[in-house]
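These protein sequence lines are chains G and U, in that order.
First residue of the first sequence? That's 1 in UniProt numbering, and the numbers climb one at a time after it.
First residue of the second sequence? That's 1 in UniProt numbering, and the numbers climb one at a time after it.
Take the hints with a grain of salt, since some may be wrong.
What the hints assert, rightly or not - Just the calculated beta-carbon pair ranges, DEER-fashion: (1) K277(G) to P134(U): 49 to 59 angstroms; (2) R246(G) to V150(U): 49 to 59 angstroms; (3) E139(U) to L279(G): 21 to 31 angstroms.
Stated by the list, open to error - Where chain G lies over chain U, by a calculated footprint (3+ residues, C-beta under 8 angstroms): (4) 15-24; (5) 44-50; (6) 133-140.
None of these hints come from the bench; they were simulated from the model.
Cβ atoms here follow ideal geometry from the backbone N, Cα and C, with glycine treated the same way.
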Amino acid sequence: MASGYLVGRGVTALGIHLQHVGRNVLLTQTREKKRWMKAYTSLMERKMKLDGPPPPKPRSHQPNWDYHAEVQAFSSRLHENFSLELLKTAFVNPCYVRSEEESRRKLGLDSEAAALSLRDNTELRGRGLEFTHSFLSDWCRGNFPNLPAEAVTALVGHLTSPAVMCHVARNLAVEDLTLSSQFPVPDDVLRATFFAVVEALRESSGDESTGLFLRDFLVPELIGKDLFEVWSVVNPMGLLVEELSRRKQPLPEPRLIRSAGASTVLPLYFVGLYSDKKLLAEGPGETVLAAEEEAARVALRKLYGYTENRRPWDFSPLRQQPAPAVRALQST
Amino acid sequence: MSSFTKSAQQWATFARSWFLIDARMQPPGKIATMCSVRLQGKHKPIYHALSDCGDHVVVMNTRHIAFSGNKWEQKVYSSHTGYPGGFKQVTAAQLHHKDPKAIIKLAVYGMLPRNLHRRTMMQRLHLFPDDVLPDDILENLTEELPQPRVIPRKLSEYTQEERDAFPMLWTPPEDYRMK
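Okay, chain G solo, but in the shape it has when bound (with noise of 0.2 angstroms):
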């Protein structure tokens, strides 16, 4: 075709469609079949096989990126009223302030102008783990009144680990937002910005917010979980003989209720704890040990109150008080 001929890969009067082959090569899309897309695309593949995928870009570093708007977006999109400027250094990390210095000082200033005028989190990240420990234990300690210490410190501890912490910091883009000198961020440095983002969030809403904060986001990662799944209970029927000589209840005695195919390979045992007579709880079991330890394990729930069919937790949102009607004063 003779328009064929004219249209090369250079512009056309008609649409401009622009795509990026590389960096420096714009190309405007025609309608023909291109002869070279092919081979490019092979060639292209093959060279990813060899190499393997492109490292992870930080989304600082791909286009469409505004610092200020993504933070003023980070705060409006949670819902939260940050002061813009303890957020911003709620994100910047001390090895992000060191690297930086480094690299001004290679690139031939003097230390004095090498010393960036930026403050990092330290402060921040150190009140920020406080305060989510003990507003998480208050939480632990209100919603299960029987639960012990240790469990207490575990369920906390599970909630704080890097790798809970690191997975709800992800999802809500603090990763995007954080400077810090290695891309993908390390866990421990993840973590920590999001204590200073919390003890940010404290020190602009104050406690109660920061509080609900907590409680939406941290404590759903505890939804499904089972008690010990969290924390490893070595001796299930030791911790209920205390708990029940606590009480001041009678030990338990294991009994068999049910069996199935004992002489066979895959035997089934469902043992029942009784104290003074009366069920506590009953347990299954591949062997009969494993199916009373069970029926401890099952006991211990229900006596914290973690079983399965508790009681949900109360998500809602906080109910604002009315303001109080102001009275005008009467003039006399």
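Position chain U relative to chain G; hints supplied.
The following block gives chain U in isolation, referenced to the frame of chain G:
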């Protein structure tokens, strides 16, 4: 169910149970339906045809089953040996005399789905003509199922007081001669 550890809950859900049925004075058809339901696993909410979720069923006293009506003489079990002139027909009574387990076995076999799982399910059916069970089977049993038919009491099983307390339809006169 209530707050078991996940692994224990799974073990309990997929374990195979062993049911015991006493077939004394019971119709073999009703016994067979109960067996087939449990052999297929249709009594479980996790049933699926491909899941191999059936349980074991042990039937005892198969010698003492009770057909209703005249089925002992009228019900015919047919088979063919494959050779010419090899068509055999036996009544239920004759078959039962030859093999006391055969009637229940054939009834259950006919009620199971006609696929390759049927033979496996039949292997999980254990029949015993009397109430003498081997020890390993006795150890495995989980529970006994209630009998489908209420056995009526014989006159000899009523006590004299109950017989006297039974209401009379009419009082015969003094000189009435009963046969």
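Three-residue Cβ test at 8 angstroms for the coverage of the segment 44-50 of chain U by chain G: violated (count 0)
Whether chain G covers the segment 133-140 of chain U (at least 3 residues having a Cβ closer than 8 angstroms to its Cβ atoms): Holds: 3 residues of the segment 133-140 of chain U have a Cβ under 8 angstroms from chain G.
Within 8 angstroms of chain G (C-beta), three or more residues of the segment 15-24 of chain U: It holds, with 4 qualifying residues against the three required.
C-beta pair K277(G), P134(U): status relative to the range 49 to 59 angstroms that was hinted: Since K277(G) and P134(U) have Cβ atoms about 35 angstroms apart, the given range 49 to 59 angstroms is violated.
Distance restraint evaluation - R246(G), V150(U), Cβ atoms, bounds 49 to 59 angstroms: holds, 52 angstroms
Status of the given 21 to 31 angstroms range, CB of L279(G) versus CB of E139(U): holds, 24 angstroms
In summary, the numbered hints that this structure violates are 1 and 5.
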